[in-house]
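K.L.:
Chain by chain, the residues run as shown.
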Amino acid sequence: MSIAMTGRISLEQAKSLVEFLESGQQDAADAIIAEIQNPINSELFAEIGKLTRQLHDSLTNFQLDSRLNDLATADIPDAKERLNYVITRTEEAANKTMDAVEAIFPVVETISEQVEAVNPSWSKLMNNDLDLKEFKSLCLDIDTLLKNTGKETQHIHRLMTDVLMAQDFQDLTGQVIRKVIELVREVEDSLINMLTAFGISAEAGQSKSKPKVGDNLVEGPIVNRKSRDDVVEDQDDVDDLLSSLGF
Amino acid sequence: MKVLVVDDFSTMRRIVKNLLRDLGFTNIQEADDGSTALPMLQGGDFDFVVTDWNMPGMQGIDLLKAIRADASLSHIPVLLITAEAKKEQIVMAAQAGVNGYIVKPFTAATLKTKLDKIFERLA
Chain A
1 MSIAMTGRIS LEQAKSLVEF LESGQQDAAD AIIAEIQNPI NSELFAEIGK
51 LTRQLHDSLT NFQLDSRLND LATADIPDAK ERLNYVITRT EEAANKTMDA
101 VEAIFPVVET ISEQVEAVNP SWSKLMNNDL DLKEFKSLCL DIDTLLKNTG
151 KETQHIHRLM TDVLMAQDFQ DLTGQVIRKV IELVREVEDS LINMLTAFGI
201 SAEAGQSKSK PKVGDNLVEG PIVNRKSRDD VVEDQDDVDD LLSSLGF
Chain B
248 MKVLVVDDFS TMRRIVKNLL RDLGFTNIQE ADDGSTALPM LQGGDFDFVV
298 TDWNMPGMQG IDLLKAIRAD ASLSHIPVLL ITAEAKKEQI VMAAQAGVNG
348 YIVKPFTAAT LKTKLDKIFE RLA
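Listed in order, the protein sequences are those of chains A and B.
In terms of this note's numbering, the first sequence is residues 1 to 247.
In terms of this note's numbering, the second sequence is residues 248 to 370.
Don't read these hints as lab results, they were simulated from the structure.
There's no promise every hint is true.
What the hints assert, rightly or not - Pairs of lysine-lysine, DSBU-like flavour, derived with a Cα cap of 35 Å:
(1) Lys179/A with Lys333/B
(2) Lys96/A with Lys151/A
(3) Lys15/A with Lys264/B
(4) Lys96/A with Lys147/A
(5) Lys264/B with Lys147/A
The following block holds chain A by itself, in its conformation from the complex (with noise of 0.2 Å):
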C-alpha cells in the first residue's frame, strides 16, 4: 500500500505482473519485480557509499593507521625491550647486593667468635682476677682480634659500597619505566580516539572492573589497595582474617 502511494509501482506494473504470473511466465514478472526494486537498491548502495566515505574519513582524520601501526609495531615491542631491561637490571642489583651481605655474614659471625672467646679472660682481668700466664694468653688473642678487626673493617667496607653501588638500578629503571608510561598513556589516547571516532563514549565504559573470583584469581602486588576493599591492608589483616576463620 505505502510503496503504491509513493508510486514506486503503477497500477500497469501492477496488473501485468499478475497477468504474467496467472500466465506462468516466471522470467517477465521477475523482471518486473527487478524494476519496482531497482530505484530502492540504488538508495541502499549510495547509503552505504557514504557510511564508507564517512568510516574512511574518520580514520583518516584520526590518522589511527600510522600511529596505531607505530606503536603496535615499533614502540610496543620496544617497550616488552625496555621491561625486560628492567627485570634483569633489578636482578643483578638484587644479586650483587645479596653477594655483599653474604659474604659479610661471616666476617662478622668471626669477629663475633674471637669476642666471645677473650670475653671471659677480659672480665677476669678487670676483677683484677687473672694469673700471669692468663694474661700472656689474653694478651695474644687480643692482639689476634686487634689485627683481624682491623683487617675486616676495611673488608667490610668495601662489601658495603658494592652495596651502595648495587642500587644504582633505580636511577637507570627509573628512567625507563618512566619511557613505558609514556608510551602506555598514547596508547590510551589512541584508543580514545578510536572509540570517539566510532561514537563510542570512552566514560559509558568505565565501570569499575575487578577480578571476579576464580577467573583471573592470581594478581600479584596489589598496587592500588587504598581502593580496593577485597585485599588485605597488611600482614596484620592476613592474621586477623585468618584468626576469625578458627586460625
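We have chain A; now place chain B onto it with these hints.
P.N.:
Okay, now just chain B, sitting in the frame of chain A:
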C-alpha cells in the same frame, strides 16, 4: 630439619634461604615451581615447605592441595609467602590447609613469628 623453598624468582629464594639460615635452618633445597617441587617432596624426606603462590607451571595453591591430597606428604607444614593479597585467596589457602600465610613485602621478624607459631602448634 629439611626445608624446600619454592619460588620462581631466584632472588626471592635466596632471600628466604638467608632468613631461614639465620633462624637455624641449614638443610634447604630449592624449586622454581610446584611441578618441580612435588617430585622432590615425594622423593625426599622434607619436613617443611615455604612456597610462593603465583608461579608459571604449577602454582603454590595447587602444590598445597597436592601435598594435602598425598597421604605420604599431607603432614608437611606449608607456609605461603606471596604477593597475593585478596581476601578470597587467603580464605582459599586456609581451606586448602595452609599452615601460615605471609604477604610480600614481608620482614624477617614476620617470618620468625610465623615459623615459631607453626612449629609451636605442631609440637
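K.L.:
Please list, smallest to largest, the hint numbers that this structure does not respect.
P.N.:
Those not satisfied come down to hint 3.
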